[in-house]
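Visitor: If you want the building blocks of each chain, they are given just below.
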Amino acid sequence: MSKTEEEQIEDLKRWWEKNGKFVIIALIVVVAATVGGRTWQDYRETKMLNASNEYAAMMNAVEAGQGEEALQKGSRLIEQYAQTQYAVLAALVMAKADVEKNDLAAAEKHLSWVLDNSQDENFKHIARTRLARVLIAVGKIDAAISQAEVADKGAYADTYSMIKGDAYVAKGDLAMARNAYETALAGKDLTPQMRQLLQMKLDDVSSGANKVAAEGMDS
Amino acid sequence: MLQVIRDRAQGIFVWIIIGGIVVSFALFGINDYFTGDDTGNEAALVNDEKVSIYEYQVAYSNERSRMQQMFGDNFDADMFDDQLKKTALERVIDIQLLNQSARDLGMRVSDELLLSELAQVESFQSDGRFSKASYEQALAASGEGTARFEYRVRKSLLAQQLISGVSASDFATDSEIQTSHRLRDQERKIAFAQISAKEFEKSVKVDSAELKKFYDENQDRYQTQEQVSLQYLELSAANLRKDVEVTDAELEEYYETEKDRFTKPEERKARHILIETGDDADKAKAKADDLYQQIKNGASFEELAKAHSQDPGSASEGGDLGFFGRGLMDKAFEESAFGLAKDEVSTPIRSEFGYHIIRVDEIKSGDAPTFENIKAELDQELRRERSEKLYFDKVESLANLTYETPDSLTPAAEELGLTVQATPLFGREGGPGIAAENKVKQAAFSDEVLSQKHNSEAIELPGNRTIVIRVKQHNPANVKPFEQVKATIESELRQQQAKQQAKEKGEALLAQINDAANAEKVAKQNKITWNKTDWVKRSGSSVNSEIVKKVFTLAKPTKEKARIEGFALNNGDYALVVFEDVRDGDVKTLKSDEKKNIATSLSMAAGNETSNRLLSGLKDQATIVRNQSNL
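If you're matching them up, the sequences are chains A and B in order.
Just so you know, our numbering puts 86 at position 86 of the first sequence, and the rest follows in order with no gaps.
Plus 219 on top of the position in the second sequence (first one is 1) and you've got our numbering.
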């Protein structure tokens, strides 16, 4: 025997009295999570787009030769969009400006910031190699060498060797410099300009035993 | 101060985008390039993302025109085609990789950025400003469509944002600039002599037993190349044209069926007065009717158009629209304009714009050209058509006849009225005329034709030509007879021994030399020209560049002791060098603009190096499938 219609409605009411609260709360939680997630996504997406626009504006200022303006925009990127890749790029661009103004302490700071804040191995290497070069320029040779001796060198091993060569030349240790330059020159992916520069550096600390530069090294 | 970045930012990757935009219009008309995307026919897969053939083709034609620009007319693009293809493929893979990496890093291209990039493209502008209409038109013309185009540009823009951020931010420190200048402008103080191998050549004795021995031991150097000459029959549509008969009657008949093709559509020159409907159609109609009445009563159409027409384009011209054909104007307008007689004025006509009063001023009727006018053209056409048909009929007979009699071309030649022709001897790399064609070269050296001495299959060549070849003469690879190469061997051995003697003499002298002063004495005693001490630069010096190059790789001399070195040169001479001193490029006299130039070029070198490493790092970690066969 099936229940009458009233009985069914009664059942439903009782079930609702017992479980209704829970259902509503569950619903609210699901909706809030979805909306919140979406909002968070939207927020992040908007933030990236804004950072991209800011960065483009900064590079436009650079292109137009408006150095001060570019630097202001760069600082703002680093402050307001610190978590984004655009802050990393801005810091790299600012480090270049620092070097050109011969403010090496500032360059050191910007490059260290990238090293500490970038989550990306490639950009860590880029910042570290540049930092080591700045360290050589300010005479902190041992600090530069220890940066260049980082365990994981990724695709940048030849660059690190090259920097080590420069550092040892600055230290006056020509044998070590020779060694480092030879290691770097053994790399296969060097650009022709870099290879030529390296060969010249190696030749300058030559012990007379190294071979004549290979074909195509003429300047 | 930041000018350098700017220069750099214009560098490698920018042309990809700008170039890409322009070229896609220049080269591709129709949309058969898009089908590739959806069918698995992509150019490459980069970490499971597709790189379309279209993207590759844009890169390819970019690369091609870049090379063309670099090398001018001498550049034979076809010769480097494989290289071009490879470069173009790597280029699009690079962009895809950089794009992926940028996205993973949370980089984005906003609509504003995209738009500002598009706004710079000339073909998207009208009156010097970006115009959406021009943009859409240009992309419709290219067949690419805006959505796909924007996808592609966004991709490149993002890749560029990442890579230029890396390369343009590289720098050169002061100490790097100084080192570079010190080394590049370094000079080395040397004195030297060149012991000429030529001098010894005369006195060298080479006996014939030696020659024969050398010949026997180096047979591979005296190989002659395998060569063939061919007999062939050539059937071509062009040659058949003279055999085609076309009578005047046939031409006239052809004229009747084809004349529509030559008929230009009718065009009319008309003026109009437009009264826009606006909110009140009745009022507009009343005004148009009134104007129409005025014209009927003799008022000037032109004056009324000037005063009342609301078509801004034509009102000031007295309503003149110039010539137009069908299909250009509003339907109702067209019907009326093409229904009027010359000088007739229409009653007000309703179009979607409003009410028009139209007057037709001139009619260029679309008459068909007369038979006499296009007779020559038709004759050409008909002959071409028939000779092609004849050609296709005969191709089959040619194939059959030469197959049936595989050891001669004569029967086929007689049957088809062809002449047996011949080529000179040529090797596997080909020769003049038909021997330049790849298909011919392959066939000529195939087993069928070369070993079995059979006729080849019918070989189709471009331009409606078909040939059948057979070998006329075959000279297998051989070793040149001793007598023929004796002289060459003798001069070679003579040079070798002279070189050895120059070296021995040089080494003997080297042992006697202690310093520049005594070197000069030693040289004099041996009647050798001694070049006195001088500073040489890395380049641009008058001293033999081989010597200079070597000198710059030598260990530096000490204050007390010069370095004394001897080494053989490529031409067989032996060089004696006394290397006394080194003088670095002077950093103190470096001018600020020179310094800036060095900084620029060093930053660029460093930036290129870094971006290369970034890319090769990305490549190492990526899974890349290159579909070379699709390209």
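Among the clues, some could well be false.
[As the list claims (entries may be wrong)] Cut-off 20 Å, straight-line C-alpha distance, at most; resulting in silico cross-link-like pairs (SDA-like, lysine to any residue):
| id | chain 1 | residue 1 | chain 2 | residue 2 |
| --- | --- | --- | --- | --- |
| 1 | B | Lys768 | A | Lys21 |
| 2 | B | Lys305 | A | Thr191 |
| 3 | A | Lys188 | B | Leu837 |
| 4 | A | Lys47 | B | Lys756 |
| 5 | B | Lys756 | B | Glu406 |
| 6 | A | Lys188 | B | Ser835 |
| 7 | A | Lys188 | B | Lys838 |
| 8 | B | Lys778 | A | Gln199 |
[Said to hold, decoys possible] Computed beta-carbon distance windows for the label pairs:
| id | chain 1 | residue 1 | chain 2 | residue 2 | range |
| --- | --- | --- | --- | --- | --- |
| 9 | A | Asp42 | B | Glu268 | 23 to 31 Å |
| 10 | A | Asp142 | B | Ala338 | 46 to 54 Å |
| 11 | A | Glu69 | B | Glu536 | 49 to 57 Å |
| 12 | B | Gly364 | A | Val35 | 50 to 58 Å |
| 13 | A | Asn117 | B | Glu268 | 27 to 35 Å |
It should be emphasised that the hints constitute simulated quantities derived from the structure, not laboratory data.
Using N, Cα and C, we set each Cβ at its ideal position, and we do this for glycine too.
Visitor: Confirm or reject each hint.
Guide: Structure-based check of all given hints:
no.	hint	result
1	B/Lys768 - A/Lys21	89 Å, violated
2	B/Lys305 - A/Thr191	19 Å, holds
3	A/Lys188 - B/Leu837	16 Å, holds
4	A/Lys47 - B/Lys756	56 Å, violated
5	B/Lys756 - B/Glu406	5 Å, holds
6	A/Lys188 - B/Ser835	11 Å, holds
7	A/Lys188 - B/Lys838	15 Å, holds
8	B/Lys778 - A/Gln199	25 Å, violated
9	A/Asp42 - B/Glu268: 23 to 31 Å	25 Å, holds
10	A/Asp142 - B/Ala338: 46 to 54 Å	52 Å, holds
11	A/Glu69 - B/Glu536: 49 to 57 Å	50 Å, holds
12	B/Gly364 - A/Val35: 50 to 58 Å	35 Å, violated
13	A/Asn117 - B/Glu268: 27 to 35 Å	28 Å, holds
Figure legend: structure checked against the earlier numbered hints; hints not met, in rising order: 1, 4, 8, 12.
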